[in-house]
Amino acid sequence: MKTYSRPMAGWWRRNPYYLWYMLREASCIFITAYALVLLAGLARLAQGEAAFQAWLESLSGPGSLAFHAAALILVLYHAWTWFKVMPKTLPFIRFGGRRVPDAAIVSIGVASAAAASTALFVAIGWFGLWSVQ
Amino acid sequence: MSYERVLALVHSGFGKLALLAVISLFLFHGCHRMYHCLHDFGIHVGAGLKALFHGFAAAGTAAAACLLLLIG
Amino acid sequence: MTQKTISIECLRYSPETDSEPRTRTYEVPFNDEMSVLEGLQYIKDHLDGSLTFRWSCRMAICGSCGSMVNGVPVLSCETFLRNYYPGKIRVEPLNHLPIVRDLAVDQTDFLGKLESVKPYLISKNIPQNKTYLQTPEQMDEYYQYSQCINCLLCYAACPQYGLNSSFTGPAALALLHRYNADSRDEGKAERMEVVNAEDGVWGCTLVGYCSEVCPKAVDPARAINQNKIESTKDYFLRFLKK
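Protein chains in written order, with numbering that gives the first Met the number 0: chain A, 0 to 132; chain B, 0 to 71; chain C, 0 to 241.
Possibly wrong hints are sitting among the right ones.
Keeping only pairs whose Cα atoms sit at most 16 Å apart, straight-line, the calculated EDC-like set for lysine to aspartate or glutamate is [what the hints assert, rightly or not]:
#, chain 1, residue 1, chain 2, residue 2
1, A, Lys1, C, Glu197
2, A, Lys1, C, Asp105
3, A, Lys1, C, Glu15
4, C, Lys232, C, Asp184
5, B, Lys49, C, Asp105
6, A, Lys87, C, Glu140
7, A, Lys83, C, Glu192
Beyond 10 Å from chain C on every Cβ pair, some chain A residues (computed) [what the hints assert, rightly or not]:
#, residue
8, Met0
9, Tyr17
10, Leu22
11, Ala68
12, Val74
13, Leu89
14, Pro100
15, Ala102
16, Ala110
Residues of chain B clear of chain C, computed beta-carbon distances all greater than 10 Å [unchecked claim]:
#, residue
17, His10
18, Phe13
19, Gly14
20, Leu19
21, Val21
22, Gly41
23, Leu51
24, Gly54
25, Ala61
26, Ala62
27, Gly71
Note that these hints are calculated values from the structure, not bench results. Remember, it's a predicted structure, so these values are computed and weren't measured experimentally. The beta-carbon is built from N, C-alpha and C at its ideal position, and this holds for glycine as well.
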């Protein structure tokens with residue numbers, strides 16, 4: 000039977016759902032990049048105070064600020080999509096005889112992440128790393 | 000985020016673990032996703048590329064571990 | 000009162016004469032109650048008898064009428080022209096599947112995948128009185144996956160299937176899970192090979208569009224990702240089995 004198969008090239012541009020999916024996947028580029036920034040900072044720390052200061056100053060350049068802003072937004076989007084998808088990876092959870100709805104699982108996940116992040120911020124402040132100077 | 004304070008954090012056991020975890024997990028998660036992303040773009044992926052991406056993450060992890068030990 | 004019309008652009012493909020698909024636009028008289036399927040039927044009955052498309056029940060239960068409407072996989076019998084009017088609508092065959100003629104796609108690949116997941120109860124211990132007992136909670140574990148009407152909208156939605164047609168795919172894997180999750184079934188071990196394959200559950204990257212488009216809320220994305228856990232457990236614990 001003669002059939003025609005349509006090409007897949009550019010598939011992700013043809014539907015907004017796919018675009019959001021590709022953004023979710025692309026966010027991992029920024030995650031890798033951020034890890035490398037931290038690694039660089041660690042290396043500079045090992046090289047002594049002068050090197051570390053220089054690295055710190057480079058972080059406040061416009062390119063760096065743009066990168067960090069984009070990375071923050073994408074990491075937040077990454078976390079959000081992760082929690083949105085989390086119920087699909089779990090077996091049905093029952094509580095009091097009824098099935099826990101997916102929306103509840105997502106809310107609990109996001110709330111826990113927000114709480115953990117807040118706790119981390121407070122801890123960083125307490126350790127005195129947060130400094131305006 | 001002065002040199003002294005960051006150094007103090009990295010000297011602590013907690014700091015070492017936290018920094019290693021963040022760098023390592025971000026690298027592995029990021030590289031793993033990027034590897035799968037190639038397939039979405041239609042690039043044929045095989046064992047070679049898999050080794051490259053995950054090897055990169057492993058190398059980054061090793062580098063972080065070495066640096067943390069170096070700093071003491 | 001002048002008759003309202005809506006433009007329906009259809010993908011056309013005749014294997015005898017065409018080397019690739021083309022499109023043809025039809026002006027179809029329109030009223031608020033018409034489904035896309037009824038639009039296609041009007042075209043076939045009054046404008047162009049050569050237009051080929053599948054349909055049967057007209058009520059979203061047979062799974063025959065799946066097609067792409069403005070780039071989204073839908074059942075044409077439950078998609079209404081009023082939601083697109085006065086804009087033009089574009090009707091194409093389901094994505095990612097080979098086109099046989101016009102809007103009809105080749106389902107052979109799916110049928111093979113369906114057979115491969117052993118979509119039937121496998122039970123060695125049939126009860127003495129031939130009646131299984133099952134609580135509502137036990138049925139709830141698999142019920143939604145049993146609602147699949149094999150309409151293939153999920154295959155049209157799944158880019159991983161589009162990129163690699165060896166991927167077992169959403170509906171087949173959802174049906175596999177339907178049987179694994181059924182308390183009456185004992186065939187999980189027999190189905191593990193399909194689950195564990197690179198083109199089994201591991202072909203899925205959780206795009207999730209399959210569950211979005213499913214007209215029966217089967218949620219194949221969930222079925223597949225439950226089995227990623229099972230597959231991982233199976234991989235690590237396989238040394239504990241004989």
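Hint check results:
This hinted pair does not check out: Lys1 (chain A) and Glu197 (chain C) have alpha carbons roughly 29 Å apart, beyond 16 Å. Restraint check for Lys1 (chain A) and Asp105 (chain C): the C-alpha separation of about 10 Å stays at or below 16 Å, so the hint holds. Note on Lys1 (chain A) and Glu15 (chain C): the hinted pairing holds, with a Cα-Cα distance of about 9 Å set against a maximum of 16 Å. The straight-line distance between the Cα atoms of Lys232 (chain C) and Asp184 (chain C) is roughly 19 Å, outside the 16 Å bound, and the hint therefore fails.
Taking the CA atoms of Lys49 (chain B) and Asp105 (chain C), the gap is about 34 Å. The hint is violated against a cut of 16 Å. Distance check on the hinted pair: Lys87 (chain A) and Glu140 (chain C) sit about 14 Å apart at the alpha-carbon level, within 16 Å; holds. The straight-line distance between the Cα atoms of Lys83 (chain A) and Glu192 (chain C) is roughly 29 Å, outside the 16 Å bound, and the hint therefore fails. Against the 10 Å criterion, Met0 (chain A) falls within the reach of chain C, whose nearest CB is about 7 Å from its own CB.
The beta carbon of Tyr17 (chain A) sits about 6 Å from the closest Cβ of chain C, which is not more than 10 Å, so the claim that it is off the interface is violated. Taking the minimum C-beta to C-beta distance to chain C, about 12 Å, the non-interface status of Leu22 (chain A) holds against the 10 Å cut. The beta carbon of Ala68 (chain A) is kept farther than 10 Å from every beta carbon of chain C, the shortest such distance being approximately 27 Å. No beta-carbon of chain C is positioned within 10 Å of the beta-carbon of Val74 (chain A); the least distance is around 18 Å.
At the 10 Å boundary, the C-beta of Leu89 (chain A) falls inside the reach of chain C, the nearest C-beta of that chain being 8 Å off. For Pro100 (chain A), the condition that its CB be more than 10 Å from all CB atoms of chain C holds, with the nearest at approximately 13 Å. The non-interface label for Ala102 (chain A) is consistent with chain C: the shortest C-beta to C-beta separation is roughly 14 Å, beyond 10 Å. Separation of Ala110 (chain A) from chain C is adequate, the least Cβ-Cβ distance of about 22 Å exceeding the 10 Å criterion.
No beta-carbon of chain C is positioned within 10 Å of the beta-carbon of His10 (chain B); the least distance is around 37 Å. At the 10 Å boundary, the C-beta of Phe13 (chain B) stays outside the reach of chain C, the nearest C-beta of that chain being 30 Å off. With a closest Cβ-Cβ approach of about 32 Å to chain C, Gly14 (chain B) is found to remain outside the 10 Å limit, as its non-interface label requires. With 10 Å as the threshold on Cβ separation, the claim that Leu19 (chain B) sits away from chain C holds: the shortest Cβ distance comes to roughly 25 Å.
Here Val21 (chain B) stays apart from chain C, with its beta-carbon at least about 24 Å from theirs, past the 10 Å limit. Annotated as non-interface, Gly41 (chain B) brings its C-beta within 10 Å of a C-beta of chain C; the closest such distance is 7 Å. Every CB of chain C is more than 10 Å from the CB of Leu51 (chain B) (nearest about 19 Å), matching its label as outside the interface. Remark: the non-interface label on Gly54 (chain B) is consistent with the geometry, its nearest Cβ contact in chain C lying 20 Å away (cut-off 10 Å).
Non-interface status of Ala61 (chain B) relative to chain C is upheld: no Cβ of that chain comes within 10 Å, the nearest being about 25 Å off. Every C-beta of chain C lies more than 10 Å from that of Ala62 (chain B), the closest at about 29 Å, which supports listing it as non-interface. No beta-carbon of chain C comes within 10 Å of the beta-carbon of Gly71 (chain B); the shortest separation is about 37 Å.
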